[in-house]
Structure formats: structure tokens, C-alpha cells
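Colleague: Letter by letter, the chains look like this.
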Amino acid sequence: MILSRLEFILRETLSNLTRHGVMTAAAIGTAAVTLSVLGGFLLSAAMLGNLTNDQLRRFEVAAYTAKDTSRQRSLELKKQILAMPGVSSCRLITKEEAWRTDQRKYNELVGQVIKDLKNPMTDEFQIRAVSAERTSEVAAKLRRMEGIEQVSEAKVEMERVVAIARALKVIGISVAMILMLATAYIISSSIRLTVFARRREIQIMQLVGATNGFIRTPFMLEGLLHGLGGAGLACLMVAYGIGSLSQFLSRTLPFLNSVSADLPLTGFYLSLLGLGAGIGALGSALSLRKFLRA
Amino acid sequence: MDWMIDAEEVSLTYPKGVQALDRVTLKVAPGEFAFIVGPTGSGKSTFLKLLYREEVPDTGRLKVDGIDVPALRRGHVPFLRRRLGVVFQDFRLLPQRTVEENVAFALHVTGATRRRLRTRVQEVLQEVGLADRSRAYPHELSGGEQQRVSLARALVHQPPLLLADEPTGNLDPTTSWEIVQLLSAINEQGTTVVMATHAQDMVDRMHRRVIFFENGQIVGDVKEGGYLRDTQPA
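Chains E and C supply the protein sequences, listed in that same order. With my numbering applied, the first sequence corresponds to residues 1 to 294, in that order. With my numbering applied, the second sequence corresponds to residues 295 to 528, in that order.
Looking at chain E on its own, in the form it has when it is part of the complex (with noise of 0.2 angstroms):
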């Protein structure tokens, strides 16, 4: 009995599919559209976001070490500020090399080598800190710490980069969460539409007895459908997008190459469909509701 009842909700789900072929085409494709703009639109702004994260990684914090400092004592002191939280990494410059570059850049600047001078540099580390943000703290630390002479960040500027970032996510999710909004606004208006126009076939399903489970179900179904179909054309949309872009990126701005690299797009187009299908059952069910209420 079980059986045949389920046999029979799947043969309708897809009989309904093709008999109402205008209005499932009009759902899938709502459902397309809007979720791809939708799509589009997070991704983008995961990529921008990419784009600050890679630009923050960049600040570092410069610390240099007393004159005369041992070179073992300066591998010590690398090894302490590894061990410092916050910190992800941290190189260090000898005196030697740095000395060395400064010879080189001079000779570039002014054509000369230096010569008969004594090295006056000092051995320096060059940290970075986990995340932007946590920058300052790394620094105040290295202020701190003993065998540490001098410390330098480039603060403003970096706060400026960490304002514009948070901003930008602000902003981002501020727009996704209205385009959500509109998303689910669009899909289940689309799906009321096929409901009201077969609101005689619920009428005589209730007149003959069908209980209001077993209206929903088929209907229910075939919303789920209708959004499964429409989040997999927009995921096609998304990827053909992405890929183009990313395309257009390495050609023109090559040192971009990254931004589209790392971004997690399977979990993206799973909780793309899963975020259509969601809406198209839900969307059925509470278009249903009206008519199921009589």
C-alpha cells in the first residue's frame, strides 16, 4: 500500500512536470535567472574578497635586533616569535644580506660601489601575522620582547585596507541578504502561479477525499524540481561565468591570477541547489496553504 501510494506520488510529480510543460519551463527558468544573479553576485564578492585578503597579507611587521647580536642569538629569537600566537610566519634577513641589497640598490640609484664602509646593519625579521588585524598586537609583543631593538608596521595604511574590507563585507552581506530575500520572493511567487492555475484539480482532489498531505506532497515535489533545475542552469550560468573571467583576469591582469584560485566552488554550487531546492518545496507549500486551508 505504502508502495503504491509512493509509486503513485512519483508518477504524478512527473506527469505534472510535462503536463503543465509552459509553467514548469517559467518556474525552472525564474529559478535560474534569479539564482544566478544571486550566485554571481557571491561569488564576486568572495572574490573581492580574496582580493583584500591578498592585500593585507601583505603588511608585515619589520623587527631589528641590537648591534652586535649574535647570529645564534638570532636564531633564538626567530624561534621565540614563531612561538608568539598570531604569528604565521616569520624570516629572518641577516645583516649580511641586507647589507648586500643595500650595496645593490645604491649602485643602481647612483652608479657607485660602496666600498671601505663596515656593514651597519642589523639582523632583521620580517613577520607576518595570521590575519591583518591582529597585526598591531604582533607588534606591541615584538616592542616587548627582549633582544628586540626596533620595531616598525606600516599602521595607517593598513588600517585604512582593514576599514575598506570590513566595509566591503558589510556591504556584501547587507546586498546577498536582500537579493536572498528577492530570490525566494521571485521563485515562490512563480510557483504560486502554477498552483493557481490548478486550483480546480485541488478543489476536486479535496471533494473526492485526498487528504491535505497527499495534495502537498506532488506539489511539493515538483517545486523542489522546479528550483533543483533552476539552481543547476544557474550553476552552468555561474561557471561558465567564472570560468571567462578568470580567463580575461590572466590575460590582462596576470598578477591577479589568484583571486578565483582558492575559491570554494563545489560547496558553493551544492548549497546553490540546495538553496533552489529549499525554496521551490517551501515556496509550494506556502502557496498551498491558502487553497488547502477551505
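Simulated from the structure, these hints should not be mistaken for laboratory data. Treat the hints with care, as some may be off.
Keeping only pairs whose Cα atoms sit at most 20 angstroms apart, straight-line, the calculated EDC-like set for lysine to aspartate or glutamate is [to be verified]: (1) E:290 to C:349; (2) C:343 to C:395; (3) C:343 to E:102; (4) E:290 to C:348; (5) E:118 to E:137.
Computed from a prediction, not measured in an experiment: that's the story for all the values here.
Fit chain C to the known structure of chain E by using the hints.
Modeller: Frame of chain E; chain C shown alone:
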């Protein structure tokens, strides 16, 4: 006695203030055949709607086959409807399904097995004389045939009570007479039939119980009567 329909002082006022039914008391015994007649807007259809719980009375008591209909919770309404057959003037068939599918649909909602479904649908189509049209679509049928399909659907649950709201309103006199004959045959097998109608000569020819509605009240009730002769108030 256990009445099939037992209405006691039933009243209903529509939201706009129109009094559709005014203290209607009516009893119909199991196995009876009764016509409900009266002018348009006299409350015939509304009374039938109370019986299959499309409307709920404001006051009064109403039992159908022992079920206290107004007290029924919404979730239980489908189970009442499976014990009733209802047919209408406009047939209410699903246009994209065949005759067979339209009838089977009413059994599907109860979760009937496939074997039971097939035999019962054939049986009931035979009963209404449409066994050879089972694969036709409603638009391929005449009005009389469509009403037969709708009757088959109403009867597929083998309901003790069949309600017909102007079932011949869209049909020519000959076809109408055939449908009424069919209803009469169904009645002879034990199903209680209540039919609202405007068709005077048909009521006159049948000599069955006639209940006359006017302004939401019952103004006449005759055991074996005609449309006007016996029920029209003086």
C-alpha cells in the same frame, strides 16, 4: 432510528449578512431518494455543502451517517468525504486525465492497491455504462457521458450517501432522464440519494420525496410528490 441525514434547526449566514439557511430541520432515512427543489438562492446548494462540509452551520445540529459534521476537525474532513459521493452540474473532471484515471484518482487518495483499483474502476464504469470509453478524455465525451464519469467517481468508494447538486443542469431532457434513471438504479441498490434540481417535469415523473426550499427555509416536504403541485405553499 439511525437517520442518514439528521439536521436539526440548522442556520447559516454568509459573511456578507445573507441568511442562506434559516432553522432547517430535515431527516432522511437510509435508502431514501429525495429531491430538493426551490428557486435559485433558496438554499438548496448551501444545504448540500453543509453535508459534505464545504460550509459549517452557525447554529444547529447536523449528523450525516452518524457523523457529527460541524464538530469534525479539519484533518478528518477527507474521511467524511470518502463516505460520500458528490456530483455537480459542471462534472468537475480533471481534463488531462482519461475516464479511467479520473475514477481511479478517487481510489488513489485512499491508498488502494493496484489490483483492487483496477477491478473496482472497471466495475463502477460498467455500472454507469461507460466500460468501453475508459481510455477517452473528458473533452471527447458528451455531457451525459461526462456526468456518468463523475457519477462513477462518486460511487467508487461505495458511499452510503450520494449527493447531486443539479446534476442535469447542463444536459438536454433525454440525457437528463437517463442520468436520473441511473441515480434511481443506484438508489435501488441501497445508496441514499439526495438531488437538488430545477427540472420540474423530471421530479413530477419520478414520484419520489420532494423537499421544497424557499428563502433558506423548508416550506414543503412531501413523500411522493411533484415539483409544484404538492409542495408549493398556498
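Colleague: Each hint: holds or not?
Modeller: Here is how each hint holds up against the structure:
1. Between residue 290 of chain E and residue 349 of chain C the alpha-carbon distance is near 16 angstroms, which keeps this suggested pair within the 20 angstroms criterion.
2. Of the supplied pair hints, the one linking residue 343 of chain C and residue 395 of chain C is violated, its CA atoms being roughly 26 angstroms apart against a limit of 20 angstroms.
3. For the suggested pair residue 343 of chain C and residue 102 of chain E, the alpha carbons sit about 97 angstroms apart, so the restraint of at most 20 angstroms is broken.
4. For the given pair, residue 290 of chain E sits about 15 angstroms from residue 348 of chain C by alpha-carbon distance, which is consistent with the 20 angstroms threshold.
5. At most 20 angstroms may separate the alpha-carbon atoms for a hinted pair to count; residue 118 of chain E and residue 137 of chain E exceed this at roughly 35 angstroms.
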